[in-house]
Amino acid sequence: MQIKTLLLSSVFSLNSFSSIAQAQTDLNIQPQIADTVCAQLFMDINYGGDSLIAWGKDTSNQWIGRYFNDETSSVLVSPGCSITLYQDWNFGGKSLTLYGNTSWIGSEFNDETSSYKCSCN
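In mature numbering (1 follows the signal peptide of the UniProt record, and there is no 0), the protein residues as written are -23 to -1, 1 to 98.
No lab work stands behind these hints, which were simulated from the structure alone.
Among the hints, a few may not be true.
As the list claims (entries may be wrong) - Capping the alpha-carbon separation at 20 Å, the derived lysine to aspartate or glutamate pairs in DMTMM-like fashion look like this:
hint, residue 1, residue 2
1, Lys94, Glu48
2, Lys34, Asp47
3, Lys94, Asp35
4, Lys94, Asp65
5, Lys34, Glu48
6, Lys71, Asp27
Said to hold, decoys possible - Simulated DEER-style distance windows between Cβ atoms:
hint, residue 1, residue 2, range
7, Asn78, Asp35, 13 to 21 Å
8, Arg43, Asn98, 26 to 34 Å
9, Asp35, Ser84, 25 to 33 Å
10, Tyr44, Asn98, 16 to 24 Å
Values in this document were obtained by computation on a predicted structure and should not be read as measured data.
In this text, a Cβ means the ideal position worked out from N, Cα and C, and glycines have one as well.
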């Protein structure tokens, strides 16, 4: 059942968890699986609002989806990971790479993300 939950979360990726740790607790994910959370994108500044979790140590999403498109304002990045946000689908347009938690991605990139690539050491 845990694998099905992880796969469903990976497919839909949209969660209303307050943090990566809360998502791991609520989904009852075992520690070795939880370690594959690369980053969590939030609709509001200061890690507020709905969120999307980037699962996997080396993951990408060529289109973030209708609901989350052009909505990202803050990002939690797991230790040892980085995420590159792209303005357009299929990794096009301007990009912004984050190496740590970012409570506000700034006026030039706020509500601009349409795709991402995330990787961990």
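Failing hints, ascending? Hints 2, 5, 6 and 10 are the ones this structure does not satisfy, whereas the remaining hints hold.
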